[in-house]
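Q: Residue numbers (the numbering used here), protein chains in the order written: chain A, 1 to 350; chain B, 1 to 350; chain C, 1 to 350; chain D, 1 to 350.
Note that these hints are calculated values from the structure, not bench results.
Do not rely on the hints blindly, as some may be mistaken.
[Said to hold, decoys possible] Heads up, simulated DSS-like pairs for lysine-lysine below, C-alpha to C-alpha not over 25 angstroms straight-line:
id, chain 1, residue 1, chain 2, residue 2
1, B, K71, A, K196
2, A, K27, A, K71
3, B, K71, B, K27
4, C, K196, D, K196
5, A, K71, A, K203
6, B, K203, B, K71
Because the structure is a prediction, the values reported are computed rather than measured.
There are 4 protein chains.
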Amino acid sequence: MIAVMQPSATAEEVEHVVEVLRLHNLKAQISQGEERTVIGVIGTGFPDDLLETLEVLPGVDRVTRITRPYKLASRDFRPANTVVEAGGQRIGGTEFVVMAGPCSVESREQLVRTARGVAGSGASFLRGGAFKPRTSPYAFQGLGIDGLNLLEEGRRLTGLPIITEVMEPAQVERVAETADVLQIGARNMQNFPLLKEIGRSPKPCMLKRGLSATIEEWLMAAEYIMHHGNPNVVLCERGIRTFETATRNTLDLSAIPLVKRLSHLPVIADPSHGTGHRYLVQPMALAAAAAGADGLIVEVHPEPDSALSDGPQSLTLEGFDQLMQTLERVLAAIGRPLAMPHARLRAASV
Amino acid sequence: MIAVMQPSATAEEVEHVVEVLRLHNLKAQISQGEERTVIGVIGTGFPDDLLETLEVLPGVDRVTRITRPYKLASRDFRPANTVVEAGGQRIGGTEFVVMAGPCSVESREQLVRTARGVAGSGASFLRGGAFKPRTSPYAFQGLGIDGLNLLEEGRRLTGLPIITEVMEPAQVERVAETADVLQIGARNMQNFPLLKEIGRSPKPCMLKRGLSATIEEWLMAAEYIMHHGNPNVVLCERGIRTFETATRNTLDLSAIPLVKRLSHLPVIADPSHGTGHRYLVQPMALAAAAAGADGLIVEVHPEPDSALSDGPQSLTLEGFDQLMQTLERVLAAIGRPLAMPHARLRAASV
Amino acid sequence: MIAVMQPSATAEEVEHVVEVLRLHNLKAQISQGEERTVIGVIGTGFPDDLLETLEVLPGVDRVTRITRPYKLASRDFRPANTVVEAGGQRIGGTEFVVMAGPCSVESREQLVRTARGVAGSGASFLRGGAFKPRTSPYAFQGLGIDGLNLLEEGRRLTGLPIITEVMEPAQVERVAETADVLQIGARNMQNFPLLKEIGRSPKPCMLKRGLSATIEEWLMAAEYIMHHGNPNVVLCERGIRTFETATRNTLDLSAIPLVKRLSHLPVIADPSHGTGHRYLVQPMALAAAAAGADGLIVEVHPEPDSALSDGPQSLTLEGFDQLMQTLERVLAAIGRPLAMPHARLRAASV
Amino acid sequence: MIAVMQPSATAEEVEHVVEVLRLHNLKAQISQGEERTVIGVIGTGFPDDLLETLEVLPGVDRVTRITRPYKLASRDFRPANTVVEAGGQRIGGTEFVVMAGPCSVESREQLVRTARGVAGSGASFLRGGAFKPRTSPYAFQGLGIDGLNLLEEGRRLTGLPIITEVMEPAQVERVAETADVLQIGARNMQNFPLLKEIGRSPKPCMLKRGLSATIEEWLMAAEYIMHHGNPNVVLCERGIRTFETATRNTLDLSAIPLVKRLSHLPVIADPSHGTGHRYLVQPMALAAAAAGADGLIVEVHPEPDSALSDGPQSLTLEGFDQLMQTLERVLAAIGRPLAMPHARLRAASV
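This is chain A alone, in the form it adopts within the complex:
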């Protein structure tokens, strides 16, 4: 960290900064410029707010951090890509993975039909919400444990591993019994008790970017999970909140190549929540693949018009199948194969 003093700063003000650093067991390296004094901070274990603490001291003009606040999640720490293995699938390797299924598990018929459909079209994972975070207390809150049981049945029938959301620390153990990947929703990206509990779980997780989270905060949330013991974190860009209201969120695809540069963790994209409109899902799914994502998570519903949640952004089974065909061609153009476990399973069973 570097503190730049004002041109008018006095020797006493410089000395005061040095003393404050000493209070925090840190050393100062003073560099006297022509116009300004610059103070470098030396030591380890900087307090979280050190930057802001220095910034308000008399005579200080600006303070800048020169290292990133996350370590375990950083590519400096681990240069090679992390490949997360879950339910026999690999996320972040050469193959591109697609997670698909309904927003909410609504009934046996709906789930089984969707699971079979997406498996047949080449999905690698079955997604489906049993516990649903809803902005209205009057909206459908999910089937809960019954939903988890239906997901297990979907897995039995199709062989697809399951990704499903967990909303509070006390649920982690139970949801982890069913899920192959624990999903952390955008609104929980900074639910620190939940991150800690998932950090202690042996199951991989997928961490959605918060609606207003910077890329740095997102990687810090991954750091929380990794610091508490779980290295198997998949990141998911799902759109940020901006002034634009024509789309539900603004899918920030530039975050994908940027995160791949800053971190070794896999990154996938959610074009369904990212846009909120069915007709934008395919173009943005293809765009995410072209931008270098490691996979997609897509909402699919056999009858979107009667879905209990997020119908408007769900693809039909036919729409999903069409997406997968175009996706495979776009991936081929950038030299990346599409993971198609079900095709392999079927081949194996012959």
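Position chains B, C and D relative to chain A; hints supplied.
A: Just chains B, C and D now, with coordinates in the frame of chain A:
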């Protein structure tokens, strides 16, 4: 809700919308214009996503909601101001309340000194964090139960009721034993399991606005708590995230008179988190009062430079005392008295 | 437009709304619901602020527009895609066009080298700034007329048509003598005198989206130009301003398929300004193509490290050539050919 | 400026940075840390994009500016407050000034009635738009020269100096003949040809903050004007664009005390455009005064319901009078008198 069809919409497309409404047990009122057909939706218990469901149907151009999604929190539902009583104080009445204290409870000495200081300057509540949500897993996470005990001691010594944060559902009962007001942090505004649990608590709560929450979402979060049984919700504007980085957040003071119009709940402002800079706290505190806030929550620390968290935005005891004197004059100018319980306590003890 | 009255609205308040409409030569269609009265506005030529005017009348709860404010730019008005012809090239047709060149024209040597390089790699247009909008008065402001002359030389040598920025109404005529396409910068998207003047010009133009412009405002700016007589408007998504600071802007790729749905105008993307980082240009260029853009505008510089402006986001000639090769494969995957005029020119000259 | 190298940076990469600096006639001061090398940049006349140029060099991790990019506008450069004198009034001195009048000049009757009304209630300036920037080409575009003539009549009748908007460089000279203060609208904050032309004018100007302009960009725009010769710049905070749609903009009042700290220029607030709702104007006007603004600009219309523009956010004459009375009390509470030239004029004429 009103669905406006495209000029080119066919009779079949109009009929399809009507059918989808029927599926959701709703009726359609069709109004044939010169250029377009407009369909009004009639019935009760609209699904959460009805708007988006209709929006993607073939032939539909736009859908608009014509009533607000919250009920209990709305001024239509309850025209008179709600006054929340907590620890003998009243929030949302004629008197303006000030909550003050350190960001984190750090030590007995720090807490007692601050509590006595702010009480002497006219604060109505003692604030202090025992459980701290921190963006870094490497930062000070609060004293926990020891912090709650110190807050109780602060209350014994000064008579000030306590407001302190609760971070997860499993903590609510324990924190409610100590706290007079349960604080819900900005990052937890849409932590629905936490909102439900606080809804079941008999203790009043203060709900901070999320970093990227619209005013409608904020009121929906209050609705969650009220719907689960707790009518004593105080709202707190603490700054939203915008493109501007010169301040920690952008304190949206216009939210204050707007919320007072839409809702009967009390609203206070947090100029400390809202700005992140000590030198902006007093101007924005006075501005919040002038804009019609029912109170303030302010960070005060006897030695901000060595604070374990949020030092840069904390006022010194002297700074707080100076703020209170100016604040009293500004409040008088708009015809509002400042609650000064300690002064009364002292007077009573004479 | 529809005005929804409050449940408590009186008959006088309803009558007042009707009178205000009459003042603006509009009629009211009153529909009495169970709880609320809804007033439909009938007539043509709504004043710009009618929505806001009604919204503040006593008893009014909400007002919603049910038609879009732009006409000429809308796909309702013109269902078929507009193809803009400029300098012998077609923008918005089947072929994907790439505009490339330096941010600023700096010297004959720089421009000629870049023009030849990008032409050889398959660019359709030569871009280059002669008049530069710079946020600092101390920064290089462009070569002006000399820059235009160098662009003309670049065109003579390579056959590529020219796109270059015009910054003020008084310059339009002179810049249009040289340019094949007039570029309107993001900061000028709502410079209405400039839009009017370009509307009167016979030359096609490219309208960049403003940093904080909604898609509707962007289309309204196109409407200005079209209304004043120029139907040849190409839209360019170049990133919006959000809270994220890790990228220069947030390239909103979902705007591309959305605009293609709302409007018949061609849309291209600018991954250079959209990201601000050279290493993000190729992934986002491919993503834009996959999302359905009609073309790209890309900054290329033979020696980016010594560029007088925007060096950090400029591709080298080699980087551009590599981009074009991958781009061609991605476009093929979605069934779209890349326009390669220079290849054709060369073939013709054999 | 300081460039921090990656931990893995090689000696060649460090040397490359040094060479690039040399190319720009700058020197490097290398400081070898335990983990990283930090390179300080020494010299004057940094290119505008130097930061971004260095940032993309191989081996570079982060680059930070340590001085601000504006000079003339900075309080470092001129520690004492600038007081702008215009039409016999002083802006930025001890007295608080209020500019009031209609959004658009519509007719003689409307203007004269408003001018007399606001003068009688204590306004210091008459505002009114003759040339109007409108987002729709179909909306009322202002009376033009006729509007300027009516403003002159308003000034003759009331003695109030005039502030009115100028939209393009070619208009500056003509508008300056009438105006006492030239207003630069939010959408023109980075219309650099306009800023230059106003920089050459002898008339003071008021520079509105752009919808998505950072405080630094706003001060850079002021720097443009000052650099071209006009030191009499008044800044005006008028709300920024955020994700919140319940208000027209988000009035960023924290910008006021922050700009007062960074710059010596006067700052006023526009609660009319800042909120877009009449019922929010008074609370936010009082809040701006409490936050330390030097004045206000407020829209007032004798019959807002029939205004040709911005009616919904205009105060009535009665509403304005009531605002002025409360404002005077709030200002007194913070020790600041309200400028009331008309009262003085009337007193003088007795």
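Q: Hints numbered earlier in the text: which of these fail when held up against the supplied structure?
A: Hint 1 is the one this structure does not satisfy, whereas the remaining hints hold.
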